[in-house]
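Enquirer: Here is what each chain is made of, one letter per residue.
There are 4 protein chains.
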Amino acid sequence: MTLDPGQVFQNAIYIAGAHDWPLTPAEWEERARAALEPAAFDYVAGGAGSEATMRENLAAFERARLRPRMLAGTAERDLSVELLGLRSPVPFLLAPVGTLSIVHPDADLAVARAAAATGVPMVLSGAASTTIEDVAAEGPLRWFQLYWFNDREVTASVVARAEAAGYGAVVVTVDTIVLGWRDRDLRHGFLPFLAGHGLAHFFSDPVFRARLEAPPDEDPLGAAAQALAVFPNLALTWPDLAWLRGQTRLPILVKGVVRGDDARLALEHGAAGIVVSNHGGRQLDGSVAALDALVEVRAAVGPEATVLMDSGVRRGTDVLKALALGADAVLVGRPFVYGLAVGGQAGVEAVIRQIAAEVDLAFVLSGLRTVGDVDRSLVA
Amino acid sequence: MTLDPGQVFQNAIYIAGAHDWPLTPAEWEERARAALEPAAFDYVAGGAGSEATMRENLAAFERARLRPRMLAGTAERDLSVELLGLRSPVPFLLAPVGTLSIVHPDADLAVARAAAATGVPMVLSGAASTTIEDVAAEGPLRWFQLYWFNDREVTASVVARAEAAGYGAVVVTVDTIVLGWRDRDLRHGFLPFLAGHGLAHFFSDPVFRARLEAPPDEDPLGAAAQALAVFPNLALTWPDLAWLRGQTRLPILVKGVVRGDDARLALEHGAAGIVVSNHGGRQLDGSVAALDALVEVRAAVGPEATVLMDSGVRRGTDVLKALALGADAVLVGRPFVYGLAVGGQAGVEAVIRQIAAEVDLAFVLSGLRTVGDVDRSLVA
Amino acid sequence: MTLDPGQVFQNAIYIAGAHDWPLTPAEWEERARAALEPAAFDYVAGGAGSEATMRENLAAFERARLRPRMLAGTAERDLSVELLGLRSPVPFLLAPVGTLSIVHPDADLAVARAAAATGVPMVLSGAASTTIEDVAAEGPLRWFQLYWFNDREVTASVVARAEAAGYGAVVVTVDTIVLGWRDRDLRHGFLPFLAGHGLAHFFSDPVFRARLEAPPDEDPLGAAAQALAVFPNLALTWPDLAWLRGQTRLPILVKGVVRGDDARLALEHGAAGIVVSNHGGRQLDGSVAALDALVEVRAAVGPEATVLMDSGVRRGTDVLKALALGADAVLVGRPFVYGLAVGGQAGVEAVIRQIAAEVDLAFVLSGLRTVGDVDRSLVA
Amino acid sequence: MTLDPGQVFQNAIYIAGAHDWPLTPAEWEERARAALEPAAFDYVAGGAGSEATMRENLAAFERARLRPRMLAGTAERDLSVELLGLRSPVPFLLAPVGTLSIVHPDADLAVARAAAATGVPMVLSGAASTTIEDVAAEGPLRWFQLYWFNDREVTASVVARAEAAGYGAVVVTVDTIVLGWRDRDLRHGFLPFLAGHGLAHFFSDPVFRARLEAPPDEDPLGAAAQALAVFPNLALTWPDLAWLRGQTRLPILVKGVVRGDDARLALEHGAAGIVVSNHGGRQLDGSVAALDALVEVRAAVGPEATVLMDSGVRRGTDVLKALALGADAVLVGRPFVYGLAVGGQAGVEAVIRQIAAEVDLAFVLSGLRTVGDVDRSLVA
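Protein chains in written order, with my numbering: chain A, 4 to 383; chain B, 4 to 383; chain C, 4 to 383; chain D, 4 to 383.
In isolation and in its complexed conformation, chain A is listed as follows (with noise of 0.2 Å):
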């Protein structure tokens, strides 16, 4: 994975010249949106109300200006993070997202085969169109990403199926207890659900299956309406964590959090890790960026405790101001969504490279050798 030193810039021309891909994040944007249907990339490219913080996770990004150091040595590098048992060559890893089926027919399964291909691990969406078995038989780099759903059975059901597939942490989502307002989604008239797309766990479940009056293949919508009426759990209070943790012997980290208060109160509560988020901007609009939010989280955590992060993370140096903010890594969303538009597997592949070699050529001009070289002084 690692790039040849001092062939960087060579690699990026071959990288983006020789197979024709866009290259810059509002390119792969534009491809993505020319090659999909409209509901179907606005589910995708679009936010919570406004898109407020869609637009401040960016400015947040956009705010943080790095202090490069010079002459620091960087000919040998080592990108990698190990993060719960968990290694990654490079420090970021491709997010949980729901609903691939509208994007491209090979979802989550292209998405498993780039991560296999690339080496960066791959954290499967709870709301995938793929089995959880399915995508574990691509290889053994990942996590899984729950929803926990108000039925307590169905849940401990695909959490056992998650550990018994060999997936190597349960990352639970506790910003989606309910869907966000999402004026795009609301305009099409759009829920992926009801039109089949995401239920895989649900329809390949068997305690979910016994919920039903006929199988999904028989009634479609029926099961969809299922789904959707177990999937919101307002009711959930941080107690409940000891639940879940009884449920799996796998880490556990709370996803979706944006105070310090809160992760304090996660980590309190038996998570093995944080995941600052506000799921890309899509639930609460007018919610403070992530990036922010990172700093306070760290702040609050110290520096021992695991935290990535995402929503914003587009470019090789975002992963950097991340990191120095206080990311042991980072989740990368839309852009291997895009490039699965695209190309499927050849198309997140390419993202995945573009942006390692971005990481790279930002350690090498940023004076670092290692991920453990970032500290806070690189972001003024």
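The hints are simulated quantities; they were obtained by calculation from the structure and are not laboratory data. It is possible that some hints are incorrect.
[As the list claims (entries may be wrong)] Taking beta-carbon pairs under 10 Å as the criterion, some of the chain B residues facing chain A (in silico):
#	residue
1	L26
2	E65
3	A67
4	M73
5	R214
6	R318
7	G319
8	T320
Where a beta carbon is used, it is the ideal one built from N, C-alpha and C, also for glycine.
With chain A fixed as given, assemble chains B, C and D onto it according to the hints.
Expert: Relative to chain A, chains B, C and D alone:
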């Protein structure tokens, strides 16, 4: 009024999709623009001078960033507020807006019926197109907004009628002792009152009619001129509040305050509450944003005083931001007027339900069960 | 001059509607642009270099937010100011603007007549198109702005003429010892003086004429060249003010100061007052906004010194902001020049009356009866 | 070089009008865009990644506001600087810019001749299109910019040639140990070196030629590939400066530093001076603005160290701002390259004279006679 927990998103789709209403503040405004004469639209949409304050009102809400709490157990919620004896199922009321007959023939009656249907109280404008008594006939949920004329007998008569008709409070507007300098209206040469709009309380008032040489239906222009003659009241001072208190047993809220010292003066002179407002940016161009003024006012009057605010509220998340920054409730103005323009009573209801659903969802996603749960830490 | 209390809005409609004048600063500017040759318009409208200071002058007013007081009893108002013996019914004067004959054939005479008609004094430019004596014949209300030439005898002659003609003060401009670098003029290759504009005081001056080989009507270009030759005066220092004081009994104001230390130097060397100004952004591109400089200058010279300001005043609320931030009065420049371009004397009057009405309304809506009521707390 | 006092404005008109040159940075850029192939223009005009740093470089100058002094007696001025024995009549030099043959066939020779004609020294690029010796033949005023290759013998040979040819200093660039990620170039698939541009020092170097299997005129692509192979030097560390110092008696300036600690390291390891720079925003996207870095660097190294800066200088007032914030002089890059594109040597001269005239005028209007008069208080 309160939405079913877990049904928020579906409700929103229903609200929007089933009735083909606009979905965003911008869409409502565009649809209203299309429905109205340019001069009428601009009278509603415009502000004073360069409209700097109007822009700043919105910018202040944009600057405020939410810090939601996760896993706080929000399945059971009660968003209601009680304000000087008036209950609302949600922490907002319908702001007083004058001359609604330029927007829709049903004018204030449509609003009153939408208020009755949703349970969200209205504040009847002192420059309404429907009489105090006719609006009162639509239901019990309302306050009366008073323009304090330079003719004490007319003023007293109007106040007495409001009390007799069952209004629960007098909201006296102090920022409009004379109309602001509004570029758009000056450009159109449009003053609704000269065309007979917004004068229902005058024309139905026995004391006012006694001032006229001919009844309004015989000499409408002469009656309008007389109304404009009694309107400005530049001589008013805080001690004059004692006189107003002497005219009614109703509590009096002072609306249009943007300074902490003024808010204290209002309370010292007997006001029961404050409405922080810059009249939607329609009076003094360059005035501070109402949301910024709210912070100052709350700090000045302490936690116990009744403080509402308006000017800039467009979304459910704006309501939450205002609550976090010190408001007991907010008034929503232009949004419901656009609803009235687009669909009469049904349009007003749709706007109310949309904003209510957004508020409810914002509570769910921020970890709040009641208005009492909102604290200052909700805003960064 | 003072508007009838309670008639402000109607007056505004009358002012605008009855005469079909433009209403906003932007409209006046557009109408002036349409009325003038591009080079002439750009000479007036343009600034130095990238025009950063010109933009910043306006931005500083936009940033300043008003904190109006309510119910302060403003039925009786007196907006007049007295400045070193000169009275104005409103807290602004007409700024000195040179070469007005490129804008309108009546040039300074039209301005002088508008000043006489409204009672708002003008400051006659040292680069005027009309002689000191001809302007003086129009009325007593005026100051004289001096460009301090490198020829002491010509300078002294001009000052003596101003004193003899009854001007009340000399406003010596110190920020224009040579003309600024103005992109628009360079692009047009346009220097009004070379076309004979703005040289009336030179050509009517016996001392200057004695410098010429041929009178201006025989060799206008030669005379213009001689004027340009005596114009730059880079050698000037503060001690030179003593010489200027020796030439006249009139009080001397120093115009073009943007630093507190310079303002103190001016007073120490005998200036009777300061005009904080960056020459409307026409001299040093990148200079601080005049409104920001005003705050520094007032802090440096204390509350008693006479301090005026210009550069960026467009609206009545701008006047109020400048007063709150330390000005005893302001000078209005480009707005009246646009009025002159659009309608000659009547256009200048219309602009004066519009701004005066806006100032009056801003006083009413801010709870102010006199300029003395304005305090620092008016601006946030 | 120094303009006649009092003739500044006329000079500017002459410079612009008489030769029909563009007048503003934007016009020069547009004219250059029209004159060049898109790939060549973008190579010059573009920056790294999203070009955030490129924009921020300009924004930092825009944010800096000047506080000019009045009446300081500026008739006699001396704008010259002396930097490690090199004199310039103005406080700027011509920055090293590589591959100028993509811009104009005369490339570095045209620049050298313009430098000789105006007396403003150039810094010859290490990636020039003209040999060290050929440029040296044009005149004595120059420094040499070194790219420090991974081949010590080639590096030493180039340094020795520069010393032998009479260059006055070595400016070693440390921010380009490998090329940055430049979206525009990647999109064009354009790397000038592959087309043979910018390799004059390599191809004329006996040590380098000994590395080749065939001479460059027989196998240009092979020679270019070899040059690219020796270019990246990621292993460099500060202690390596000792080796470089051992290769030459010339003073060494370190170019590309943006941190105070790095600047101190450079001086501790024997550098004679610092050039604060982010390579015009072409290397690490997201890096701090060079002007902001200048403040930090000057604070770190104290008042005596030689500190220059580049990246973002477009106007004469930018030069003054940089001096006020700690620079002994600045380097001007893209502006002269646009001049070269538009008019060859004459175009470079025109740009130099325009900026020099602007600097001179900025000194006059700010009350400055010499560079030594500039102090920190000049910028707000």
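Enquirer: So, G319(B) near chain A? Judge it on the closest CB pair being under 10 Å.
Expert: Holds, because the Cβ-Cβ distance from G319(B) to chain A comes to roughly 8 Å (cut-off 10 Å).
Enquirer: Double-check R318(B) for me: the hint is only fine if its C-beta lies closer than 10 Å to a C-beta in chain A.
Expert: holds (6 Å)
Enquirer: Should the interface hint for L26(B) be scored as holding, given a Cβ-Cβ cut-off of 10 Å against chain A?
Expert: Constraint on L26(B) satisfied, holds at 5 Å.
Enquirer: May I ask you to test the interface hint for A67(B) with respect to chain A, counting a Cβ-Cβ separation under 10 Å as satisfied?
Expert: Constraint on A67(B) satisfied, holds at 7 Å.
Enquirer: Using Cβ atoms only, decide whether M73(B) comes closer than 10 Å to chain A, and label the hint accordingly.
Expert: holds (4 Å)
Enquirer: Go through the hint on R214(B) and say holds or violated, using the shortest Cβ distance to chain A against 10 Å.
Expert: The hint is violated - R214(B) has no Cβ within 10 Å of chain A, the shortest such distance being about 48 Å.
Enquirer: Take the shortest C-beta to C-beta distance between E65(B) and chain A; is it under 10 Å?
Expert: Cβ of E65(B) sits 6 Å from chain A, so the hint holds.
Enquirer: Please check whether T320(B) passes as an interface residue: C-beta within 10 Å of a C-beta belonging to chain A.
Expert: holds (4 Å)
The structure is inconsistent with hint 5 alone, although it conforms to all the rest.
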